[in-house]
Structures are given as structure tokens and as C-alpha cells.
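**Q** Here is how the chains run, residue by residue.
There are 2 protein chains.
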Amino acid sequence: MKNKATFYHAGCPVCIEAENMIVDTIDRERYEVEMVHLGLVPARIKESESFGVKSVPALVIDSQAFHINFGASIDDLKS
Amino acid sequence: MKNKATFYHAGCPVCIEAENMIVDTIDRERYEVEMVHLGLVPARIKESESFGVKSVPALVIDSQAFHINFGASIDDLKS
Numbered sequence: 001m002k003n004k005a006t007f008y009h010a011g012c013p014v015c016i017e018a019e020n021m022i023v024d025t026i027d028r029e030r031y032e033v034e035m036v037h038l039g040l041v042p043a044r045i046k047e048s049e050s051f052g053v054k055s056v057p058a059l060v061i062d063s064q065a066f067h068i069n070f071g072a073s074i075d076d077l078k079s
Numbered sequence: 080m081k082n083k084a085t086f087y088h089a090g091c092p093v094c095i096e097a098e099n100m101i102v103d104t105i106d107r108e109r110y111e112v113e114m115v116h117l118g119l120v121p122a123r124i125k126e127s128e129s130f131g132v133k134s135v136p137a138l139v140i141d142s143q144a145f146h147i148n149f150g151a152s153i154d155d156l157k158s
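For the protein sequence lines, the chains are A and B, in the order given. Using my numbering, read the first sequence as starting at 1 and increasing by one per residue. Using my numbering, read the second sequence as starting at 80 and increasing by one per residue.
Simulated from the structure, these hints should not be mistaken for lab results. Any given hint could be a false lead.
Chain A is faced by these chain B residues, among others (derived, beta-carbon under 7 Å) [to be verified]:
no., residue
1, M100
2, I101
3, Y110
4, H146
5, I147
6, N148
Computed from a predicted model, the values in this text were never measured in an experiment. Each residue gets a CB set at the ideal place from its N, CA and C atoms; glycine is no exception.
Please put together the full structure from these sequences, using the hints given.
**A** Set out below in C-alpha cells:
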């Protein structure tokens with residue numbers, strides 16, 4: 001079974017740059033990659049927070065959150 | 080020719096966690112990965128700064144810097 005990598009973002013310029021470059025490096029043979037736009041799917045904000053995501057863009061690998069640069073805080077996505 | 084991905088770190092706990100998980104996701108068929116411990120090789124601090132690295136751990140992909148979480152500032156590695 002493949003490992004899971006989830007990239008949470010909000011469509012901001014920092015997010016898009018990270019998506020284009022970081023996500024492209026991932027080995028798709030070993031990792032199942034999912035991109036989640038929290039601006040469009042706010043219902044998944046809680047899920048991202050459960051992994052410790054505090055800002056986007058963030059990459060969650062096997063339930064471990066890694067924040068990449070800084071685009072927007074999760075709190076700012078709640079409206 | 081493979082693309083280049085350089086992971087700059089300083090051996091701190093945040094760095095090691097990022098190294099273990101982020102670097103492992105990279106597709107080695109397409110990316111040549113180099114790990115640089117700036118605490119042990121301070122001569123390469125200037126090079127990292129030339130890519131815009133401000134803190135470690137950071138991953139530089141094709142000359143573009145991505146800061147991953149926060150372990151230590153580059154300034155704190157200069158001594």
C-alpha cells in the first residue's frame with residue numbers, strides 16, 4: 001500500500017509555488033498524493049487541524065504536518 | 080539530467096524529522112538529492128543564503144528555497 005501525502009493549500013501565490021515545486025518532487029510510485037484546497041473545501045479544515053496544520057501551504061505525510069513557507073494561517077480561512 | 084534538490088539543515092530535532100520524512104518522499108529517479116549540514120559545513124552558509132534560505136530546515140529545488148517548519152535561523156548558525 002502506498003504512503004499518504006496530503007498537500008493542504010488555499011490557492012494563494014505561496015501555496016501555488018509550493019504545490020508546483022514540492023509536490024512535483026514526490027515519488028508517486030510510493031506516495032498517494034492528494035491536494036486539498038481549504039478555501040474551496042472548508043469542511044476539511046478540522047481534519048487538517050487534527051494533524052497539527054496551523055498555516056498553509058502544509059504537507060502532511062503519514063499524519064505528520066510540515067509547514068512550507070507561509071501563505072495564510074488556518075484561522076484566517078475560517079469564515 | 081536530473082533536477083537538483085538540496086536539503087540544508089543543522090542537525091536539530093526539527094531538521095531531522097523533516098529530513099526523515101520530506102526527503103524520503105522525493106523521487107530519486109528524477110531528483111538528485113544532497114543533504115548539507117550547515118553546522119558541520121559552515122562554508123556553505125553563504126551558498127544557502129544565495130538561494131534565499133533564512134532558516135533551517137530548508138529544501139532548495141532548482142534554486143528556489145522552501146522553508147520547512149522552523150528549526151534554527153541561518154544567523155544563529157554563524158559563529
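**Q** Just to be careful: measuring from the Cβ of M100 (chain B) to every Cβ in chain A, is the smallest value less than 7 Å?
**A** holds (5 Å)
**Q** Please check whether I101 (chain B) passes as an interface residue: C-beta within 7 Å of a C-beta belonging to chain A.
**A** Nearest chain A Cβ about 6 Å off; hint holds.
**Q** Should the hint that Y110 (chain B) touches chain A count as held when the rule is a Cβ pair under 7 Å?
**A** holds (6 Å)
**Q** Does N148 (chain B) pass the interface hint, meaning its C-beta sits closer than 7 Å to a C-beta of chain A?
**A** holds (5 Å)
**Q** Would you settle whether the hint for H146 (chain B) is holds or violated, based on the nearest Cβ-Cβ distance to chain A being less than 7 Å?
**A** Check passed: Cβ of H146 (chain B) comes within 5 Å of chain A, closer than 7 Å.
**Q** Once the shortest beta carbon distance from I147 (chain B) to chain A is found, is it less than 7 Å?
**A** holds (5 Å)
Going through the hint list in order, the structure satisfies each hint without exception.
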